[in-house]
Amino acid sequence: MGAGFGEATPARRWRWGLLDLAVIAFALIPVLWIASLSFKTTATLTDGRLIPAEWTLENYQSIFDTSQFTRALVNSIGIALISTAIAVVLGMLAAYAVARLDFPGKRALIGVSLLIAMFPQVSLVSPLFDIERRLGLFDTWPGLILPYITFALPLAIYTQSAFFRQIPWDLEKAAKMDGATQAQAFRRVIAPLAAPGVVTTAILVFIFAWNDFLFAVTLTSTERSRTAPVALSFFTGDSQFEDPTGSISAAAVVITIPIIIFVLLFQRRIVSGLTSGAVKG
Amino acid sequence: MADIVLDKVSKKFPDGTIAASDVDLEVGDGEFVILVGPSGCGKSTTLNMIAGLEDISSGDLYIGGERMNDKAPKDRDIAMVFQSYALYPNMTVRENMSFPLRLAKLDKATVAQKVDEAARVLELEQLLDRKPANLSGGQRQRVAMGRAIVRSPKAYLMDEPLSNLDAKLRVQMRTQVSRLQKQLGTTTVYVTHDQTEAMTLGDRVVVMRQGRVQQVGPPQELYDSPANLFVAGFIGSPAMNFVHARLTDGQLSSVLGDVSLSGSLRRALAASDAPADLILGIRPEHFEDAGLVDEAHLGTGARFEGQADVVESMGSDKYVYLPLAAERASTAELDELAADAGATDLPASGAQLVTRLSAESPATEGAQVRVWFNPEKIHLFDPETGRNLTLAR
Numbered sequence: 000m001g002a003g004f005g006e007a008t009p010a011r012r013w014r015w016g017l018l019d020l021a022v023i024a025f026a027l028i029p030v031l032w033i034a035s036l037s038f039k040t041t042a043t044l045t046d047g048r049l050i051p052a053e054w055t056l057e058n059y060q061s062i063f064d065t066s067q068f069t070r071a072l073v074n075s076i077g078i079a080l081i082s083t084a085i086a087v088v089l090g091m092l093a094a095y096a097v098a099r100l101d102f103p104g105k106r107a108l109i110g111v112s113l114l115i116a117m118f119p120q121v122s123l124v125s126p127l128f129d130i131e132r133r134l135g136l137f138d139t140w141p142g143l144i145l146p147y148i149t150f151a152l153p154l155a156i157y158t159q160s161a162f163f164r165q166i167p168w169d170l171e172k173a174a175k176m177d178g179a180t181q182a183q184a185f186r187r188v189i190a191p192l193a194a195p196g197v198v199t200t201a202i203l204v205f206i207f208a209w210n211d212f213l214f215a216v217t218l219t220s221t222e223r224s225r226t227a228p229v230a231l232s233f234f235t236g237d238s239q240f241e242d243p244t245g246s247i248s249a250a251a252v253v254i255t256i257p258i259i260i261f262v263l264l265f266q267r268r269i270v271s272g273l274t275s276g277a278v279k280g
Numbered sequence: 000m001a002d003i004v005l006d007k008v009s010k011k012f013p014d015g016t017i018a019a020s021d022v023d024l025e026v027g028d029g030e031f032v033i034l035v036g037p038s039g040c041g042k043s044t045t046l047n048m049i050a051g052l053e054d055i056s057s058g059d060l061y062i063g064g065e066r067m068n069d070k071a072p073k074d075r076d077i078a079m080v081f082q083s084y085a086l087y088p089n090m091t092v093r094e095n096m097s098f099p100l101r102l103a104k105l106d107k108a109t110v111a112q113k114v115d116e117a118a119r120v121l122e123l124e125q126l127l128d129r130k131p132a133n134l135s136g137g138q139r140q141r142v143a144m145g146r147a148i149v150r151s152p153k154a155y156l157m158d159e160p161l162s163n164l165d166a167k168l169r170v171q172m173r174t175q176v177s178r179l180q181k182q183l184g185t186t187t188v189y190v191t192h193d194q195t196e197a198m199t200l201g202d203r204v205v206v207m208r209q210g211r212v213q214q215v216g217p218p219q220e221l222y223d224s225p226a227n228l229f230v231a232g233f234i235g236s237p238a239m240n241f242v243h244a245r246l247t248d249g250q251l252s253s254v255l256g257d258v259s260l261s262g263s264l265r266r267a268l269a270a271s272d273a274p275a276d277l278i279l280g281i282r283p284e285h286f287e288d289a290g291l292v293d294e295a296h297l298g299t300g301a302r303f304e305g306q307a308d309v310v311e312s313m314g315s316d317k318y319v320y321l322p323l324a325a326e327r328a329s330t331a332e333l334d335e336l337a338a339d340a341g342a343t344d345l346p347a348s349g350a351q352l353v354t355r356l357s358a359e360s361p362a363t364e365g366a367q368v369r370v371w372f373n374p375e376k377i378h379l380f381d382p383e384t385g386r387n388l389t390l391a392r
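First to last, the sequence lines map onto chains A and B.
So in numbering that gives the first Met the number 0, spot 55 of the first sequence is number 54, and the numbers just go up one at a time.
So in numbering that gives the first Met the number 0, spot 314 of the second sequence is number 313, and the numbers just go up one at a time.
It should be emphasised that the hints constitute simulated quantities derived from the structure, not laboratory data.
Note that this is a predicted model, so its numbers are computed, not measured.
Do not take every clue at face value.
To be verified - If you anchor each label on the Cβ, the simulated ranges turn out as follows:
hint, chain 1, residue 1, chain 2, residue 2, range
1, A, L100, B, E375, 53 to 61 Å
2, B, D74, A, G135, 28 to 36 Å
3, B, K376, A, L100, 50 to 58 Å
4, A, I206, B, S57, 52 to 60 Å
From the three backbone atoms N, C-alpha and C, an ideal C-beta is built for every residue, glycine too.
Bound-form chain B, shown alone (with noise of 0.2 Å):
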């Protein structure tokens, strides 16, 4: 076991492209740190950089305290977990799982005792004999983790394990995942583009965009206090509602209406040098209907009316979509998670609001609806720099 430290790591390819630039990272002994973003963001390449498969352009890499940069993947004695688990399709599972241990030239009797250990482990006992051909995908994912850990290495790297999984095998997957990181407790770096995954298993996340580290913290952390724009668009879903909002005299008026702002948020924003124009970030779980809301808290809140646009009723809660009088916010971080998220491709229609509600809201579609929110949950960005400006509150 060992820590994992990433020094200014970058990487630059030969035609110019910059996957990764300045990575600053500190994986801690046993901790499991999950590296998210939309695609093209660098994670993959990353991770790739600490297997060894890929060249590091600059920056150090140390595993346990020793520089890793120019050692073969071999010689890292850290294990991978792929996308696509690249089980040797010519052997069996037994000798899919061996295969570490036979290149390590442990004797026969150990190798056979770890295999069967691990296999174990992952329930693969009755399964030891056939080929990944006949193995369903679940199947093969549990085969692929078992070579992972039939060798006890420094550290484990998952590259998207769990995304060729269906739906439902992939949240069972999940937590026997966790369970199996915590019971090993051997340092886990794990890439997912599903923030679902990011924010379940890690002790910590790092978010990436383009190459660069948007923020490191505990899942909490970055869904309660993003640090930029970025952040708070990917973390959570449905994705944070932005507006563009206008600050005069501590109103804030925007196409919600206009609130007047708390003390704190006042101080926050004087400290950070705010401009004038900001964007505002208000999540969906942050309104109610106003109708639900007690008379003391309605008065301290902020309300919007607008006619359902869709409800969409979950059971345990409402989706309720309204539509808004403005463009949808607009920022180069917006756009692109727009894009990751595929907004772009729908018809182009107007900004709209997602609000969830409880389920024991009247709301219809159609219907005109009375939303609640509480100002103090609200987030205000830089539009230039994207910086969370609502930080320091």
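Extracted from the complex, chain A is given alone in its bound form (with noise of 0.2 Å):
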């Protein structure tokens, strides 16, 4: 801050302090009001107060009276967990050998797995329905996990190879005059270096596959596999009259926690300059 940018006056500080309180409402005020919405009695959801005139948890009591929501809490962090470490660890793989190795069809692969992230979902859609009724994939977590391993594949190759182009390659040199295997020179030179590119990947791929609303949707129909944002979906008042809008805003208070703690318990280690200190004086 301020580097660069010439002094810090105060009319600068002002100005952009200014500034930055603006963005920062513009993305914190809908969460807020959600989770003002949460705390709100029926009978007070529509007065448009930001701070709610008398706090409830009946919302939050009322998500976990049914298995509904905890079941499909159950399905979104299973689902989305091992989406995450099976497209960590294949792009962490593919990317290494983006970033390092010439072999025929590379260009081909990048291209193909760019496609990929630029195909619209939308429209694979039904033919996916259809493969995986045939397939017994249908309302399963191999059905959902699957489709978001394809689509997060190409943003964690992509990541990492970054990530590993930024690793001198000497290091993986001296490893091997060292001593070392070149799955050795991997594990405990290459790797360990790589941890921040990989948190990253993964924290990117978990929220991917946690907010995922299209494919979950529609590849799924029952409480076995349906996921947490679909579940917020199907929500009902008691009666055809009631509006279920303080159960939807718990449960989606209740679904970005684990967004917040991933988040939070990882930040630590995605520093850069990890590497520094590695080569030259």
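Assembling the complex is the task here: the two chains are given apart, and the hints tell you how they should meet.
Written out as structure tokens, the structure is:
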């Protein structure tokens, strides 16, 4: 901050402060609004106040009353974690190859993975629905994990290969000269240095899988594999005339929490400059 | 410990570039050999082939009598020091140095003992628990050396290990490397583009150009009897002066004046079937201010007079630059040397004569200076082949 932008005069500081505030407000007000709705009673839902006049935990109690939401949470966590683990590991191996090796078809591989990333997912939904019904994958965990891996892989390969490129190749040569096999060089020298990239990728992939609604709504039909965002859309009020806004808000707050925990846990590891001191004087 | 033998070793990259061709080299047990040459001459590729980091396209490599072409680097039992040091940033100094030992699955006590020993030799004891990021350039360099010596390999390979240090530290480390190598007595192959390192460190120096070995010999031999134009121009600083010359009846005429050649030089030229057009080479340090040479010698030598362009007084001696009324001598070798020295980036100026005179010389900028040189010290080269025709004298 400040460096290269001239002196931090009070006027400048005010201007930047206002701008920062505007950006933060833009991003956070909807979140605060949802949080506020989740604590309101049914009667005060539409009073338009940010701070609830009457605080209640009723909405939270109601969503955990039935197994519908808890089961969906378990599905969401399981499916997102498994997809993340597989996509990150496969992506790591592919990214290493892309960053370090020259092999026939390298450009084609990069091109195709870009293509997958750009492919409109909506157009794949009905074919996938048919395929999964025939293969018996419909409404199962693997039925969601597989498409998540497919669409997360390009992202995983791209971000991780950028990190691998930053690691000086000399380190790998040095490891080999020190008596390491290719696998040992990767495991003991390269992988620890690529950790920030792996963690960053894991967060991105996890958020992608966690947030997905399109695949989850079309490729599931029961509690067996329905994920939280979909379960949320199936909420109904106690009667046809009752608005489920309160419970939906509460559920929305609940499903935001794992992401926040995930990012907070790992942000310390996403520090750049971990490789400093490796080379040069 | 072991000897290293390269038998017609060549490297051809998939894109067709030939980085090394038919390199023949025998490094004796315990010998310190320097590979030197301008960038792109194939010295690093050759080193990497010995290391096993590059495949050998053709030819054979033997270390300790065993053919190593198809062995992985880890099975060759040689250690390497990289220009970038290549320290593992996630490990402490101790972990860096013990890495090769831990890979070799030595027991903990032996590892600790060997690391402590190497740390003592390199004065790294205080730094063992630091991470590379918290070390100075010189300390990192020592850690890189420590990682190499800790497992007592058959040979060391060093790839410009000092070129990232500042000038003062480089001189200190140079003597330390030299002392360490003598102390350990381990076969060492050292790559550098710095000719001071080449001249001071090695038992023998290998000069390379465009993937080919130009000459192998002790530093003094390379200086005294360069095999060709390239070696002559590469070894020595400031570089040897080169001018076109013409030979008629034992008289050599050039922009430096007419010189009558001595019997031994004439015989050497005759024996090597010399053409009439030659390139004359003479080192700056073989000139002297004519006023400082006593009468007896003055007559036997040749003299040249010019207006001093630039005078650099070094205290111990004076570098005097005299303009020459001729084009700079130009052959493929000399052009490559000029490019490597960056001379082609300078605005085009005519040829000049670089002389190194005694500090007592009264030469000043702009004044007429008369310099003297001994014709016995000149080298004559074939402009076509670059061969030194005066070696046989």
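Checklist entry - Is the distance from the Cβ of D74 (chain B) to the Cβ of G135 (chain A) consistent with 28 to 36 Å? => result This hint is violated: roughly 50 Å between Cβ atoms.
Item to check | Cβ distance range 53 to 61 Å for L100 (chain A) and E375 (chain B), holds or violated | outcome: holds, 58 Å
Checklist entry - Can the suggested window of 52 to 60 Å be confirmed for the beta-carbon pair I206 (chain A) and S57 (chain B)? => result holds, 53 Å
Item to check | Consistency of beta-carbon spacing, L100 (chain A) to K376 (chain B), with hint 50 to 58 Å | outcome: Between K376 (chain B) and L100 (chain A), where Cβ atoms are some 54 Å apart, the hint holds.
Hint compliance for this structure: hint 2 alone is broken.
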